[in-house]
Amino acid sequence: MNMENNRPETVKSVAGGMAIDTAVTGEKNLKMDGTEETTIKMSARNLDVFYGEKQALFGIDLDVPEQSVTALIGPSGCGKSTFLRCLNRMNDTIDGCRVDGDIRIDQSDIYDRALDVVELRARIGMVFQKPNPFPKSIYDNVAYGPKIHGLAQDKDELDEIVRSSLERAGLLKEVVDRLDSPGTGLSGGQQQRLCIARAIAVSPEVILMDEPCSALDPIATAHIEELIDELRENFTIVIVTHNMQQAARVSQQTAFFHLGILVECNATNEIFTSPSDERTQGYITGRYG
Amino acid sequence: MTTGHHIVKSYDDELKALNDTIIEMANLTEIQFESAIQALMNQDTELAYKIIKDDDRIDDLNHEVDEMTMKLLALRQPMAMDLRNVVAAIKISSDLERIADYATNMARRTVPLINEGTVIRPIHNIPRMGEAVIEMLKNVVDAYIAGDADKAVAVWHADKAVDEMYVSLFRELLTYMMEDASHITPCTHVLFIAKNIERMGDHVTNVCETVYYLVRGEPLREDRVRKTRTDRLLTDDIETKE
Ligand SMILES: Nc1ncnc2c1ncn2[C@@H]1O[C@H](COP(=O)(O)OP(=O)(O)OP(=O)(O)O)[C@@H](O)[C@H]1O
Ligand SMILES: [Mg+2]
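Here the protein sequences come in this chain order: A and B.
Read left to right, the first sequence gives residues 0 to 288 (numbering that gives the first Met the number 0).
Read left to right, the second sequence gives residues 0 to 241 (numbering that gives the first Met the number 0).
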């Protein structure tokens, strides 16, 4: 068995006070049965988030395994987006938002004062619910990030980054002969893939997605899901979704949030076949609590 | 087992209808099985024919379950406990359908056995074996209704006694056949009947495993007390392909 390329299938539950305090990001964690290793790409420990006086997240402990998809599910207002925004410090931009606790990527504290936030956001890309291309050409939408981060030496290299990003986002074929037309002129599904191309153009390590398919039809959704599955080979993905089937289809690990707490986090197939918490069961089966 | 109701009420109704159909199937299967033993012991040809005819009703219910589950999977996309419930219904109904088929096979064997005329002694072991399996069937259906995983495990263990009864009956029949060649035909019928009952017990244990998974969300993984090699050969070697 090739230990290096193993995708983590199971990550031990981090809810319910299991012995995870020793988990360190960026280190291989040997599973209990010693057969498989998973690398923790990002981790949150004892994370509290406040909007002014109001507390939105309570003591969240969660590990995000590398090169896999983690789905965040839970009722509206439970704090999924809040958690996601902590991972790339997007909450810094919200007035009155305070974040306590520890968040690490590859073992380093992302709230370290010495850390450059712009560089952090290049390592951790984000795709939003509503596709939000810049009012520029398709080419410039994708070229923008590599340009400001100085990732290309010359025009040829930049062209190549744009081409390969569009290719990986599964959009190249559809737009190859109109790279100069505005990104806003694409269909919703194409715009979302453009935003994904833009996110991957800077070669991030982690991609955060907040309900990326909620505005898309089933075909466009299937394209994005297929894309997520491919991206997982190279990236670590955290996705918020309200669609249980989507979470089940695309993720390897699922975390269920409820009223600001992390109720349960486990291998996706466990969560959707036999969740251990009644609240998770009630939510995913569509029962009232 | 179920906590709370679905927000969409008709979903609850559909799941309930599914469970009710399984229970109806189980009740009919029990009746078929009990009748099969009765027909044999009372030499009741008429009852035997009735059993053969009534099997259609169970096949129909099995198809109903298939349709209901397909519809639930396609339209409701059940998750977690609901998903296990639907999958369990598919599995349990097909095990019940098989058990009922074995009851029909018993009835089919009973007719020529009655016509044969000779009553052979070992036949008197059949009701005891049959009752043991009927008891298992009743208990596992109770376990299904109550969501009682422990009870399902207890039933699962009870199958061992049935296997033992089969093995000892098999030996008795062998001796009997060797004593007198004219016993061979009736003994063969009885042997097949016993084999049918033994197979029913195996299907009941499948249901036990399904009920256990339904309730606990994990497979029943207790290492079954292994039969000795010779006993295994004896129980496995005559497969009733009727
Ligand atoms: N900018 C903000 N200012 C004040 N409160 C906020 C802000 N953003 C979120 N909240 C509050 O924090 C809580 C968590 O919100 P969050 O947006 O993280 O929920 P969510 O799980 O993403 O919900 P949804 O599924 O509806 O997107 C909610 O009670 C919300 O009202
Ligand atoms: Mg949100």
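Note that these hints are calculated values from the structure, not bench results.
Just so we're clear, the structure is a prediction, and the values are computed from it rather than from any experiment.
We treat Cβ as the ideally placed atom computed from N, Cα and C, and that holds for glycine.
Honestly, I wouldn't trust all of these hints.
Not close to chain A: a few residues of chain B, all C-beta gaps over 10 Å, as computed [unchecked claim]:
no. : residue
1   : Gly3
2   : His4
3   : Gln76
4   : Glu115
5   : Asn205
Simulated restraints on C-beta separations [unchecked claim]:
no. : chain 1 : residue 1 : chain 2 : residue 2 : range
6   : B       : Ala160    : A       : Asn242    : 46 to 56 Å
7   : A       : His241    : B       : Met69     : 18 to 28 Å
8   : B       : Ile144    : A       : Glu232    : 39 to 49 Å
9   : B       : Ile144    : A       : Pro217    : 50 to 60 Å
Okay, the hints, checked on the actual structure:
In this structure glycine 3(B) is not separated from chain A by more than 10 Å, as the shortest Cβ-Cβ distance comes to only about 4 Å. Distance check for histidine 4(B) against chain A: the nearest CB is about 6 Å away, which does not clear 10 Å, and the non-interface claim fails. Its closest Cβ contact with chain A, about 6 Å, brings glutamine 76(B) to no more than 10 Å, contrary to its assignment away from the interface. A cut-off of 10 Å between C-beta atoms confirms that glutamate 115(B) is not in contact with chain A; the least separation is 52 Å.
Non-interface status of asparagine 205(B) relative to chain A is upheld: no Cβ of that chain comes within 10 Å, the nearest being about 19 Å off. Alanine 160(B) and asparagine 242(A) have their C-beta atoms about 50 Å apart, which keeps the hinted 46 to 56 Å range intact. Checking the proposed 18 to 28 Å range against histidine 241(A) and methionine 69(B) shows it holds: the Cβ atoms sit about 26 Å from each other. A C-beta distance of roughly 47 Å is found between isoleucine 144(B) and glutamate 232(A), which places it inside the suggested range of 39 to 49 Å.
Between isoleucine 144(B) and proline 217(A) the Cβ separation comes to about 39 Å, which falls outside the hinted range of 50 to 60 Å.
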